[in-house]
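Colleague: No gaps in the numbering here: position 101 of the sequence shown is 101 in the UniProt record's numbering, and each next residue is one more.
Keep in mind that the hints were calculated from the coordinates and are not lab data. Remember, predicted model here, so these are calculated numbers, not experimental data. Each residue gets a CB set at the ideal place from its N, CA and C atoms; glycine is no exception. A portion of the hints provided could be inaccurate.
[To be verified] Pairwise CB distance ranges (calculated):
#1 THR108 to GLU38: 30 to 38 Å
#2 ASP41 to THR106: 28 to 36 Å
#3 ALA10 to GLU78: 37 to 45 Å
#4 GLU78 to THR2: 39 to 47 Å
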Amino acid sequence: MTLLPLPDLAGIAPETGAPAADRILSGTPVFTTWNDYESADGKRFAGTWRSTPGSWRIVYEEWEYCEILEGESVVAHEDGRSWTLTAGDRFVIEPGFQGSWTVVATTTKRYVVVLP
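Go ahead and model the full structure; you've got the sequences and the hints to work with.
Modeller: In structure tokens:
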């Protein structure tokens with residue numbers, strides 16, 4: 001085992017993307033992702049993610065820890081519960097979570113993802 005310091009974002013080339021077209025509920029959100037870490041088996045990731053405003057359906061098969069750094073988003077569960085997330089909020093989304101993610105103001109988060 002080893003300790004792996006994560007690099008500064010300036011040293012990482014960002015990837016851009018968007019939700020799948022069939023998942024978009026409103027707007028034209030654009031994602032920018034700086035993946036700081038990927039395990040050798042490709043099942044664990046850590047990094048920083050940013051999205052511009054928009055809304056899309058989410059279906060989590062993975063486990064994810066998030067910390068909001070800036071912006072405002074609303075994550076809603078399909079059962080009607082919802083959470084407004086702003087800078088400083090930390091949370092875990094477990095596999096099986098389904099609902100929507102709405103970015104109200106461009107949102108940046110740090111994440112750790114563990115795939116099944």
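Colleague: Against each hint, give a clear statement of whether it holds in the structure.
Modeller: Here's how the hints hold up against the structure:
1. THR108 to GLU38: 30 to 38 Å: Because 20 Å falls outside the window, the suggested range is violated.
2. ASP41 to THR106: 28 to 36 Å: holds, 33 Å
3. ALA10 to GLU78: 37 to 45 Å: For GLU78 against ALA10, whose Cβ atoms are near 39 Å apart, the range 37 to 45 Å holds.
4. GLU78 to THR2: 39 to 47 Å: For THR2 against GLU78, whose Cβ atoms are near 40 Å apart, the range 39 to 47 Å holds.
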